[in-house]
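Asks: Sequence:
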Amino acid sequence: MSKAHALFGSVRRVLFPRSLRYQLLSRILLILAVLLVVIGLFQYYFMERFIYQNRAASIQRQIQSVPGELWGRLHSPLRRVSGDAFIFFPSSSVAFYDKQGAFTVLSTMNAETAESVPRLNEQEYAEAFARQRKDRGIYKVVRTGAGGEQLVVLQSVRSFQGTVGVVQVSMNTKPLRAELIRQFMLYLALALAALIAGLLVFLPAIRRTLTPLSRMVATVERIDSGKLNERLPEPTQPMEIDRLSHSFNRMLERLETSFRAEQEGKERMRRFVSDASHELRTPLTSIYGFLEVLLRGAASDPVQLDRALRSMRGESERINKLVNDLLQLAKLDRAPEARLATCDLSRIVQEMEPQLKLLAQSREVSLDLRQVPELQLDPDKIKQIVLNLFQNAVQHTDAREGRIRISVAKDDQGVEIAVADNGEGIAEEHLPKLFERFYRIDLSRTRKYGGAGLGLSITLALVEWLGGKISAESRLGEGSTFRVTFPYTA
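The sequence shown runs 1 to 490 under the numbering used here.
There's no promise every hint is true.
What follows is a list of derived Cβ distance ranges for each label pair [stated by the list, open to error]:
(1) 467 <-> 293: 25 to 35 Å
(2) 350 <-> 489: 16 to 26 Å
(3) 57 <-> 190: 26 to 36 Å
(4) 192 <-> 70: 47 to 57 Å
Derived pair list, reagent style EDC-like, types lysine to aspartate or glutamate, alpha-carbon separation capped at 16 Å [said to hold, decoys possible]:
(5) 140 <-> 124
(6) 140 <-> 48
(7) 174 <-> 48
(8) 469 <-> 436
(9) 410 <-> 368
(10) 99 <-> 127
(11) 227 <-> 262
(12) 357 <-> 398
(13) 99 <-> 122
(14) 410 <-> 344
Keep in mind the hints are simulated off the structure, nothing from the lab.
Don't be surprised by glycine CBs; every beta carbon is placed ideally from N, CA and C.
Based on the sequences and whatever the hints tell you, model everything.
Replies: This is the structure we're talking about:
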């Protein structure tokens, strides 16, 4: 059993090697060998028919070359002759079948006996009588009792009085089969030579064809070793390798982009955790300090007690706002179900005007509200978006000279809400990352304007959740404009 298993494994390794090059070579040679075998079998079959038909046609021509009257005289038992008399049919048996159904052996392959001369059935002799002289190559192979084969040819002969009878010539097929075997062995030798030639030709051809793939493998191995900036050559041949190279390079670029984004995300998260911990620690430290002061006797002084309690309340509000911002971001990450309703954005902003002016204090607030189509949106989330952008404008404009303008209009893309201010503006290098979570323009911890840098991140999440887009335009010293667009399909 183990030997058979080992033999099967060896055959399998030969037919299905691990190398793609040798897999292609072995399968091409296997297909070629199968085709040669099939062609050989067909050739053997048709060659056998051709040889037999050719010999049968030759015998029929020889029979017809003898006058019909002579055949009529020769079939008489008194005139029976030995095989030597029929020099046209060497190593053959000759018999005559007359119109009365008499079967006479005229000559045999073995002069001593006529038992080797086969006699066919009456139907076949009748068909031979009716056959035309021009019908050539008609024969029958008859198996003898000794296990041999004889080629039997029937040909009718005619005289001036009409058809005399049918001449039957039978010969052993061994010489014909020997010739057939020689032809077949020659074909096998040529087929084997073709396989060897195919091996010598296909191997370098396949090696050359797979050269781009080999180069690709070498490049991928270098990338795997740590050279992540290396890429596969483009464009290249053949087309399939070029497409594979293109797809692989795009995949590497996406992986590199994802890896870079992950690194940046980790850095922002680290910075945010540091900033958030500082934001939490600062009010907690302040509250702890006021409690220490109160415990040391300041609670007995109404003025100091009131000041301490107000400060503790303000710090508690800062902590509460930071925690609420984090909870809202986490909630938006889970994509909560929207409560959509028919909304007129101009009307919503108009209703918010008293609240906005209260938040602006002494800053100038102007509204430019156009008539716009109604959209299916969440009114509460729209108000929160406007409030976030408005509070951001309030924080970055002067308390007395600040101007904030809110407009609602429509364009080809949809309905747009714009919040513009004349504040300090934002540097151009900060604009691409302005809406990223945990991103702070002010990297120090002084927090001039307060907050934890989450307001615009929350606004972006709300806008995208409602199917809209948000963008920012700004110049240092001139102010900023935030635009929120909701498509008509929203």
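Asks: Quick one: which hint numbers does this structure break? Sort them smallest to largest.
Replies: 1, 11
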